[in-house]
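Below, each chain spelled out in residue letters.
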Amino acid sequence: MNDEALDLVRDVLDHVVVDAEGVPCGMVDDLELEGNAGSTLRVCAVLLGAGAWSDRLPRPVRQLVRAVTGGDTVRIPWSEVAVTSDRIVLASTAAALGLDAPDRRIARWFERWRNRK
Amino acid sequence: MNKALELFLGILTAVGGFVEIGELTFSLNAGRRFGYSLLWVVVLGTVGIVCYCEMAGRVAAVRKQPVFHLIRERAGLTAGLVTLLAANLVNLMTCAAEIGGIALIWQTMSGWPYRPLIVAAFVVLALAMWFLSFEWIERVFGLLGLFMVVFIAAAVHSGPDWGAVAAGLVPGLPQGDAGSGLALYAYYGVALLSSIMLPYETYFYASGAIEDRWTAKDINLNRIIVIVGSGVGSLLAVALISAGVEVLAPRGIEAELPGTAALAAATAFGKWGLLAALVGMLFAFAGAAIETAFSAAYNLGQFFGWPWGKFRPPRQAARFHGAWLVVLLLSTLLILSGLDPVDVVEYSIVFAVVTLPFTYFPLLVIAADRRVMREHANGKLANGLGWLFLAITTLAALAAIPLLVITHGGKG
Amino acid sequence: MHKRGKLWGLWLGPLIGGLALASVAHRLAAPSDPATLAKKAAIVVGELRSLSAEGRFLAEEGQRGTVTRVFLREHASQIAKDLHSPLDRLRRGEWHASQAWTQAGIDSGARSLAALQELADVDGSSPALQRAAAALGASAGELSRLEQSLEQRSR
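In order, the protein sequences belong to chains S, G and Y.
Okay, so the first sequence: first residue is 1 according to this note's numbering, each after it adds one.
Okay, so the second sequence: first residue is 1 according to this note's numbering, each after it adds one.
Okay, so the third sequence: first residue is 1 according to this note's numbering, each after it adds one.
Hints are not guaranteed to be accurate.
Capping the alpha-carbon separation at 30 Å, the derived lysine-lysine pairs in DSSO-like fashion look like this [claimed, not checked]:
id, chain 1, residue 1, chain 2, residue 2
1, Y, K39, Y, K81
2, Y, K39, G, K271
3, Y, K40, Y, K81
4, G, K217, G, K3
5, G, K380, G, K217
6, G, K380, G, K64
7, Y, K39, G, K411
8, G, K411, Y, K40
9, G, K217, G, K64
10, G, K411, Y, K81
11, G, K380, G, K3
12, G, K64, G, K3
Okay, the calculated bits of chain S under chain G, using three or more residues with CB under 8 Å as the criterion [said to hold, decoys possible]:
id, segment
13, 6-18
14, 23-29
15, 53-61
Pair by pair, the computed Cβ-Cβ distance ranges are [said to hold, decoys possible]:
id, chain 1, residue 1, chain 2, residue 2, range
16, S, E21, G, V82, 26 to 36 Å
17, G, E6, S, R114, 54 to 64 Å
18, S, R105, G, F131, 18 to 28 Å
19, S, L6, Y, A30, 49 to 59 Å
20, Y, R155, G, S158, 25 to 35 Å
I should point out that these hints are in silico values taken from the structure, not numbers from a laboratory.
As the structure is a prediction and not an experimental result, all values here were calculated from the model.
Where is the CB? At the ideal position from N, CA and C, for every residue including glycine.
Could you build all of it, start to finish, from the sequences and the hints given here?
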């Protein structure tokens, strides 16, 4: 999967990530790369979450963002990812990767509020 | 749904949802101060919103991508985040103003006190947004907003100087209040343009196209809805300018309340005209409040890659549903604090124009990109208009805040 | 990230911000000379004039029977509520309190406010509406003349 050369900035970074069922589960907030000077640069993983995108912000703003959002990062190995023309498709579901945790947490509040009524 | 019915309802919904409290106020006051000499801005703004809504709808139908996905992709994280914050601040202010406007109108219809009606407006809107489907929300508020056509009837009834109306379609120097000056004319021009091309309309329209499951086959439907709906909707703005000219200017009245517009309809058609104007404004403002609250949630969801949309139940898109509820609540609290809705919306419209170039640039770039849009990429007309309006909105964005300051908030 | 997008954001954002700050700084640094004060006062008096004129319009439409009683009462109370702000600014403004025109504007504004409050309590009878329309029309006329003289002083 994805053995060819890619324009990472144009085709991967800041693109929407959808799971195996087509449900959006984040954006490619950063990339993990490996390689040395003189060798081929390879992508190891995509990184999702506030911890990943806050690193790309100017320093003064970074701490504030981490304090507000918690700064979690989810690492998806490159082998689990397929790049299409307009989105990044995962091999697994969002639930299996824990990417739906924030929605489940808030959904539980809604349920508790509804049951109280 | 049958395509013809969908088209008909789509157009009517676009017409009924064209005007909100900011456009109402600026149109009335533009007419009051400058006669018909700003009509050309209405035409310009309408062509601009048609151009960009068509592109947004087309990109959404072909790529299934809404506006804030494109902003994140093409402008990058930092610029995109600044655009997101600015856009959502404008959404919050506009939503607050609409809720205040709803309460003011409801007060004049019921006699109940203003502040409890703000809370009541929040409850009604929240319930409608939670329980009604996207399609029903569009239809109910868009179609009942059509009562606003009473202003078109009132404008014709007032027997305007059609020569002056025609002359107003050509850009020129201000007529009317000669003491107001060029800076004030420019301020009203920029504000009127912004009120017609409000960015939330593009965000909401593209998101709605995805909610309605549009595909490449719906591209012609998209074009017709946008062109006919906005074209007919702009007649409402023209009618409000006419009300400013024919009713407010001779009496020396500056519109500061939604009820002022209703008086213009009452003077033409009596109590029935008054009630039609009040009902039309009530539902138009309610529709705008819903659109801005959803738009804020769409923007957040799309920028951060959350599952989003009314078509997804709360348990699957809890952050999205929580976001619009929080925006609606914050807007309500903002207006409960005592801020005047018309003052709030005036500032939101001026700040909205600042975000326009940042919204439109990524959209234009993607819509013109043959690599991703293939045979559905912009043709010469769409590209030409797109770049023209990007230039116009950039100039407007540069001038907006200085004009706001120089003219003391449009007072003189 | 698109290169053109980055360049776009890099120059346009700071330029908008810079122009905004420059205009605010210019406004704050503007001298409080008599012409500038007269201009500011004209704006405030203009608001009073507009609200008084609207009150008169409302009373006249009430007499013609084109508005409901609820609308008449509630819209009058909304206009009255809006009138407090310019009236307070005229009372507390930076213009010298001993200026005769300030007091004239305050008096006319107060008469408009009283007429609007009467309109908000009115029983819908024609004489009451006529009185309110006449009072509001007179105030609007006085305020209009005051506004014009202030605008002339500001040039």
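Hints versus structure:
no. : hint                        : result
1   : Y:K39 / Y:K81               : holds (24 Å)
2   : Y:K39 / G:K271              : violated (39 Å)
3   : Y:K40 / Y:K81               : holds (21 Å)
4   : G:K217 / G:K3               : holds (11 Å)
5   : G:K380 / G:K217             : holds (21 Å)
6   : G:K380 / G:K64              : holds (23 Å)
7   : Y:K39 / G:K411              : holds (10 Å)
8   : G:K411 / Y:K40              : holds (9 Å)
9   : G:K217 / G:K64              : holds (13 Å)
10  : G:K411 / Y:K81              : holds (19 Å)
11  : G:K380 / G:K3               : holds (28 Å)
12  : G:K64 / G:K3                : holds (20 Å)
13  : 6-18                        : holds (count 4)
14  : 23-29                       : holds (count 6)
15  : 53-61                       : holds (count 4)
16  : S:E21 / G:V82: 26 to 36 Å   : holds (33 Å)
17  : G:E6 / S:R114: 54 to 64 Å   : violated (33 Å)
18  : S:R105 / G:F131: 18 to 28 Å : holds (23 Å)
19  : S:L6 / Y:A30: 49 to 59 Å    : holds (56 Å)
20  : Y:R155 / G:S158: 25 to 35 Å : holds (34 Å)
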